[in-house]
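Please build the complete structure, drawing on both the sequences and the hints.
There are 2 protein chains.
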Amino acid sequence: MSNLVSKEIRLKSRPEGMPTAANFELAEVKVAPPKAGEILVRNAYMSVDPYMRGRMIERESYVPPFQIGEPLTGHAVGTVIASENPSFKTGDIVTHMLGWREIATIGSDPMSALTTAKIDTAIAPMQAYLGTLGMPGLTAYAGLLRVGALKEGETVFVSAASGAVGTVVCQIAKNKGCYVVGSAGSDDKCAWLKDKARVDATINYKKFPSEAALTAEVKRLFPKGIDVYFENVGGIHLTAALSNMRLKGRIAVCGMIEQYNNTQPAPGPWNIIMTIPLSLRIEGFIVSNHYDLLGDFLRDMGGWIKAGKMHWHETVLEGIEKAPEAFLGLFKGSNFGKMLVKVGPEKV
Amino acid sequence: MSNLVSKEIRLKSRPEGMPTAANFELAEVKVAPPKAGEILVRNAYMSVDPYMRGRMIERESYVPPFQIGEPLTGHAVGTVIASENPSFKTGDIVTHMLGWREIATIGSDPMSALTTAKIDTAIAPMQAYLGTLGMPGLTAYAGLLRVGALKEGETVFVSAASGAVGTVVCQIAKNKGCYVVGSAGSDDKCAWLKDKARVDATINYKKFPSEAALTAEVKRLFPKGIDVYFENVGGIHLTAALSNMRLKGRIAVCGMIEQYNNTQPAPGPWNIIMTIPLSLRIEGFIVSNHYDLLGDFLRDMGGWIKAGKMHWHETVLEGIEKAPEAFLGLFKGSNFGKMLVKVGPEKV
Chain A
170 MSNLVSKEIR
180 LKSRPEGMPT
190 AANFELAEVK
200 VAPPKAGEIL
210 VRNAYMSVDP
220 YMRGRMIERE
230 SYVPPFQIGE
240 PLTGHAVGTV
250 IASENPSFKT
260 GDIVTHMLGW
270 REIATIGSDP
280 MSALTTAKID
290 TAIAPMQAYL
300 GTLGMPGLTA
310 YAGLLRVGAL
320 KEGETVFVSA
330 ASGAVGTVVC
340 QIAKNKGCYV
350 VGSAGSDDKC
360 AWLKDKARVD
370 ATINYKKFPS
380 EAALTAEVKR
390 LFPKGIDVYF
400 ENVGGIHLTA
410 ALSNMRLKGR
420 IAVCGMIEQY
430 NNTQPAPGPW
440 NIIMTIPLSL
450 RIEGFIVSNH
460 YDLLGDFLRD
470 MGGWIKAGKM
480 HWHETVLEGI
490 EKAPEAFLGL
500 FKGSNFGKML
510 VKVGPEKV
Chain B
170 MSNLVSKEIR
180 LKSRPEGMPT
190 AANFELAEVK
200 VAPPKAGEIL
210 VRNAYMSVDP
220 YMRGRMIERE
230 SYVPPFQIGE
240 PLTGHAVGTV
250 IASENPSFKT
260 GDIVTHMLGW
270 REIATIGSDP
280 MSALTTAKID
290 TAIAPMQAYL
300 GTLGMPGLTA
310 YAGLLRVGAL
320 KEGETVFVSA
330 ASGAVGTVVC
340 QIAKNKGCYV
350 VGSAGSDDKC
360 AWLKDKARVD
370 ATINYKKFPS
380 EAALTAEVKR
390 LFPKGIDVYF
400 ENVGGIHLTA
410 ALSNMRLKGR
420 IAVCGMIEQY
430 NNTQPAPGPW
440 NIIMTIPLSL
450 RIEGFIVSNH
460 YDLLGDFLRD
470 MGGWIKAGKM
480 HWHETVLEGI
490 EKAPEAFLGL
500 FKGSNFGKML
510 VKVGPEKV
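Each protein sequence line maps, in turn, to chains A and B. Numbering-wise (the working numbering), the first sequence opens with residue 170 and increments by one. Numbering-wise (the working numbering), the second sequence opens with residue 170 and increments by one.
Honestly, I wouldn't trust all of these hints.
As the list claims (entries may be wrong) - With a cut-off of at most 27 angstroms between alpha-carbon atoms, the simulated DSS-like pairs for lysine-lysine come out as follows:
1) K475/A - K345/A
2) K417/B - K345/B
3) K417/B - K417/A
4) K417/A - K320/B
5) K475/B - K363/B
6) K320/A - K417/B
7) K343/B - K417/B
8) K258/A - K199/A
9) K475/B - K287/B
Bear in mind the hints are in silico, worked out from the structure with no lab data behind them.
Below is the structure:
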């Protein structure tokens with residue numbers, strides 16, 4: 170315990186536009202034994218998520234920016250290897266917010282207490298708590314059911330449908346008896362969505378690269394229009410959806426990944442005026458405003474997993490050194506389902 | 170009664186882009202005595218409203234399009250001059266939907282019954298029922314309080330603030346103890362908004378013609394941001410508002426008058442992505458979905474008028490021949506407050 174070292178990834182410089190490997194640096198630190206109230210966790214998996222791009226900018230936002238020279242943070246799962254906190258014992262499997270490193274020292278301050286939790290690996294493998302059973306899953310659940318106010322039997326369009334959030338959105342909607350169309354960036358992803366997520370139809374958006382083409386394809390698949398559009402992408406996906414919404418439709422705005430690396434303003438949706446005759450609601454959200462749904466979410470999700478009505482897919486890169494590459498891949502659609510980095514052993 | 174004639178304005182052709190006088194024609198028709206269930210109304214005032222532009226297009230919408238060669242329709246007030254309907258007697262003052270003509274023959278079908286009502290001129294002059302006490306007033310009330318979910322003490326930005334809807338929005342917000350800034354197109358309109366509508370500040374938007382300039386001025390007047398933006402205009406007003414919204418802000422989309430005559434798609438708001446970090450809601454509405462508020466509206470509005478806390482301004486053109494000019498003026502900002510056409514005597 171006295172000679173522990175941990176590799177970690179630090180933010181070396183703030184990206185302008187699309188981030189590159191040069192914005193990150195690998196470092197190695199000595200890990201001190203835990204002080205009173207602290208635990209040490211050997212991370213097994215860490216998550217990379219699109220929202221982290223926003224934290225790389227120096228600005229006021231709903232989460233404070235990452236600091237230059239400091240290790241990045243984010244969701245991770247691992248095993249407690251030393252504990253001076255009576256709530257945890259060695260061998261506990263936990264999720265927490267100190268990813269981007271091999272060994273995390275977690276304090277007992279209120280924020281750490283709120284974001285560190287033991288998990289039940291009888292329900293699903295530990296890494297599922299970074300995806301379907303974790304923040305992306307709750308994002309899908311809150312966004313579709315509360316923000317999108319989905320009703321049984323409605324029609325649902327999902328962009329980035331094969332991503333960590335999108336796959337869950339598609340399956341919750343199917344479990345609610347809805348007609349679901351998912352958009353994704355390859356035939357393989359589309360095939361998985363039909364086979365495993367049980368969506369009614371898919372759009373490989375790379376085959377419909379113009380607004381007119383995508384709008385026509387959405388119209389073909391939604392002859393009576395869309396009740397809920399779950400927005401992960403922005404750009405022509407949003408415009409095509411707006412041109413095909415039904416009366417009193419809802420657009421739950423979870424992300425606009427196409428725009429996170431823009432250095433110039435991208436054109437907005439010219440047809441936002443459709444909100445008026447159709448009484449549309451467009452509502453953005455962040456998952457942290459919906460943590461009150463966590464209990465309902467875990468209950469429903471556990472039931473769906475047990476019943477074989479919730480599947481997921483993971484893209485896993487091996488080694489902490491690959492974390493920047495995994496993160497950059499999110500913006501190229503390299504991930505299929507949840508993008509993870511395996512940074513240590515599952516069993517310690 | 171047997172030789173009554175009525176002048177009326179018909180749609181001669183469908184406008185493309187900005188309508189012109191050539192899209193309208195004046196006609197004169199003989200008026201038959203009322204049949205069973207019918208009443209004749211000599212109109213005193215008729216309303217022109219921006220939404221009528223949408224009805225001039227041949228398309229599916231929430232109201233059917235106007236037909237070529239037929240008289241236009243819209244809100245009007247006048248005096249019953251003959252009645253074969255037991256619900257009305259000669260001399261009653263009524264509002265109804267058969268404007269754009271001097272004498273209206275109103276049947277007893279369900280739609281006519283729903284839209285024809287006696288009014289109380291003890292509360293306000295008859296023409297106020299086409300503005301503050303009528304459809305524009307209810308639009309303001311429902312849009313601000315229900316769609317915008319305004320709370321006491323919030324900050325409110327109103328575009329087209331000196332229009333028929335905007336003047337009411339500003340004063341309801343002030344009556345609810347809010348900080349209110351209105352945007353209008355002349356110093357005279359801005360002065361009226363400060364003096365009569367009691368807004369805290371105004372923006373003469375013609376002095377801030379670029380997005381950057383308007384955004385900076387909105388920021389100056391809302392150092393802590395906007396809780397509710399009441400959208401009547403579109404274009405850079407929407408973009409400037411989006412750049413200045415507060416956490417959990419609401420944008421009630423009532424109209425986008427800048428865009429009604431576009432023949433090419435106008436750029437949309439590049440910063441709609443702000444909906445995500447700020448959990449913003451953008452919601453469009455049409456007043457006809459909120460008629461259930463009519464009772465509350467008339468009670469509150471009557472109280473505010475009586476208490477001297479609700480003022481209005483009218484721009485009145487004289488003569489049915491002027492109706493097209495009045496309508497076209499809406500898109501040039503020629504109106505100050507409610508745009509009306511006086512088409513007959515107040516007292517018959």
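Original post:
Does the structure keep K475/B and K363/B at a Cα separation of 27 angstroms or less?
Top reply: Holds. K475/B to K363/B sits at ~20 angstroms (cutoff 27 angstroms).
Original post:
Holds or violated: K475/B with K287/B, Cα cutoff 27 angstroms?
Top reply: Holds, at roughly 20 angstroms.
**OP:** For the pair supplied as a hint, K417/B and K345/B, confirm whether the alpha-carbon distance does not exceed 27 angstroms.
**Re:** holds, 19 angstroms
Original post:
Can the restraint linking K343/B and K417/B be considered satisfied, given a maximum Cα separation of 27 angstroms?
Top reply: holds, 21 angstroms
Original post:
Going straight from one Cα to the other, do K258/A and K199/A come out at no more than 27 angstroms?
Top reply: Holds, because 22 angstroms separates the two Cα atoms, which is no more than 27 angstroms.
**OP:** Would you mind confirming whether the straight-line C-alpha gap from K417/B to K417/A stays at or under 27 angstroms?
**Re:** Satisfied, since the Cα-Cα distance of roughly 20 angstroms is no more than 27 angstroms.
**OP:** For the pair we were handed, K417/A and K320/B, check the Cα-Cα distance against 27 angstroms.
**Re:** It holds: about 24 angstroms lies between the C-alpha atoms, which stays within 27 angstroms.
Subject >> Restraint status (C-alpha distance of K320/A to K417/B at most 27 angstroms) >> reply: holds, 24 angstroms
Subject >> Hinted pair K475/A and K345/A, Cα distance within 27 angstroms >> reply: Satisfied, since the Cα-Cα distance of roughly 16 angstroms is no more than 27 angstroms.
When held up to the earlier numbered hints, the structure conflicts with none and fits them all.
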